[in-house]
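Chains as they are written, first to last, in my numbering: chain S, 1 to 307; chain U, 308 to 780.
What the hints contain is simulated information worked out from the structure, not anything from laboratory work.
For glycine and all other residues, C-beta sits at the position ideal for the given N, C-alpha and C.
Watch out, some of these pointers could steer you wrong.
Stated by the list, open to error - Interface residues of chain U toward chain S, partial, derived using beta-carbon atoms under 7 Å:
(1) Glu490
(2) Asn520
(3) Asp617
(4) Ala618
(5) Glu712
(6) Ala713
(7) Gly715
(8) Glu720
(9) Gly722
(10) Pro737
(11) Asp738
(12) Arg745
Chain residues, written in single-letter form:
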Amino acid sequence: MTPGPIDRFAADVGPAPAGPVVAVGGRTQWDVGVADPEAAATARPVAAPAGVVAVEAADMTVRVGAGTPVSDLDAALAEVGQTVAVPDWPGATVGGVLAVGHSGLRRLGWGPVRDTVLEVRYVSAEGTVVKAGGPTVKNVSGFDLCRLLVGSLGTLGLVAEVVLRTRPRPAASQWLAGEADPFALLHSLYRPASLLWDGTTTWVLLEGHPADVEAQAATCAGLAPVASPPDLPPHRWSLRPSALATLPGDGHGPFVAEVGVGVVHRDVAAPAREVDPPVAALHARIKALFDPTGRLAPGRDPQAARA
Amino acid sequence: MTDALAADLAAALAPDRVRTGGVELGLYGRDASVLAGEAAVACFPLDGDEVAAAVRVARRHGRPFVARGSGTGLAGGAVPVGDPVVIVTTKMNRILEVDPVERVAWVQPGVINLDLTRALAPHGLHFAPDPSSQQACTIGGNVANNSGGPHCLAYGVTSAHILALEVVLPDGTTTTLGGLDPEPAGLDLRGVFVGSEGTLGIATRIAVRLMPNPPAVATLLLDFTTVADAAETVSGIIAGGLLPAALEMMDQRITEAAEAFAHAGYPTDAAAVLLVELDGLPAGVAAAVERVGEVGRAHGARDVRVAADDAERALLWKGRKSAFGAVARVAPNYYLHDTVVPRTRLCEVLAEVYVIAERHDLGVMNVFHAGDGNLHPLLLFDAREPGIMDRVHAAGEDIVRVSIEAGGVLSGEHGIGLEKRDLMPLLFGPDDLDAQARLREAFDPDGVANPTKVLPAGSRCGDLQAVPEGVWV
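Using the sequences plus the hints, can you model the full thing?
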């Protein structure tokens, strides 16, 4: 039997002493979580397999290589009237988005990116292929290593292939913008897909049946249809949703806040956050057990990633 | 030995919240499965500090510990192995805080699932996971098992509804995993803890995400003259791009039993019925009701009944939710299974389930979460019949095997516990199990939190974990 793309990827990564490696996707979030740039620079870049392996439209799942651009995945799913709650950032790969773990602007309506992942096949620090999870939409068979890998920045294993849960492509989708109280809208609208606010302007994304979108839009006094959401500042802050009301005039400059979610996009980086010592100790033990020689994504630290 | 242990626990908690009596220990030696073990002592903490104290006392005495809520688990996950301290969370049953604006509630682990949903009703909010045992099961148990329920089809299982967990780790320290902000720093240890069946520590305060009640809800009952038609309808609904809030199937025997109990107006001559719930905004719900009716009729549905009002909706659900209790009218005992298959393979796997039951000369009923492919065959038997359990277990293992051969998994919502621990190699290879064992070792290097559960002996290289003694079926 000829080795498949996952086996070739594993051979590329090599067994344990084969030196430091880092999985490279579209480099769209390349600096996230780099705690030691010198160490990060020592890693040999490897690329996960690319390509949509199987669109299981009737099961509403898709198997896809981690190196696949998200836009390619979405195009394949569009052909069967489906989509996936993985943000389609220009140039980003499926594996890259999952390694960083940040959700897109539709998190309010579609949920976090981590909840789309059903199965992961990854290459371990020893160079072996490991399966976590399973291909069904519901599964509690054993420990949830998929959740561990999403947002791990490739420090515990290099994701080769995933099975994702898909969702119906909404029949209608409309951004609105204008001056309105976003916190009132969060409670007057039924589960909007997205709700953004920069202190002055509010943006709402309504999705679903065209008549529902129209009816919900009619209740949004002061908002008018627009083509797209605003451009986002480059840095992400993570705040409790109830803390967003005090953002204007907090001294950290302009922002675009995801109302109801708590992600805030700003021009300045978020302050470093303290990690509770028992949690830091768990991180250290997990890393030591999954990557005893520290060869996976050296210089990167998930604890530094989301500040 | 146990006297000194009990005395130390009594000093750390209170004398009346530590039990060593035989009858009580017998009670806490079981869950809702057919498995049983033995507890050394049971204790009833009131808060996280007392849980931490109990864990530290257990460690000092060299004992493992096992947390349990209401004991409704079906996989032996709460069955004590190795003379552990059983830490019962049922007295930790307070809803600590409900924030209807931020849509989050902090609860203690012993809060009953249905009590939480009832407390949220005035706010127009609910906690989405709704296991069939929701009148009895606890939120802590839901966290341990990553529980599901009919309404997890559209809204996800427990993991999707847990924001943060205050936990006591196996070394007795307390910390918080996850957070109320959307992107807490570091690995998703919250997500790892949910579904870990008490092997990574004990959740002592739980932040749950609350969902707004949908503005429109429609509940449909479709009836079919063959099981295959009903199963094909399920696949057709999902393939048609519809995502119902719930999509449940019941075959004829369970429909008869449920009808006799609940008088829901189920057609008892139907080979199978589908209970479909659609929710959301009114136009989307109306269009989905039409589509579900069309798909059903295209697959031979005799009747598509749409509940006229809330009372009829509640009645249709009453039949489904009381189905397991209704089985007592048919057979003295049943063994409830739980596997998942791809939704496109439902029809063929279901046909296999009937063949397997016949081969082992057992009655079978099927009532399950068809929309997510989560099968729940009930094998019917009379435990007084000699040798019957061997046939029940053999049939169960056959059901697991055909599910996995069809591309499915071992469990959709009951968990692995002891019941399916030794079947894990059907789904995972040695490297896969070793990775899971490493995660567990990171949290619990000494193997004291609910030992011998989930992972088979030998999962970790050099693992000398003993086959549990004192467990019988």
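So, against the hints stated earlier in the document, which numbers end up violated here? 2, 3, 4, 5, 6, 10
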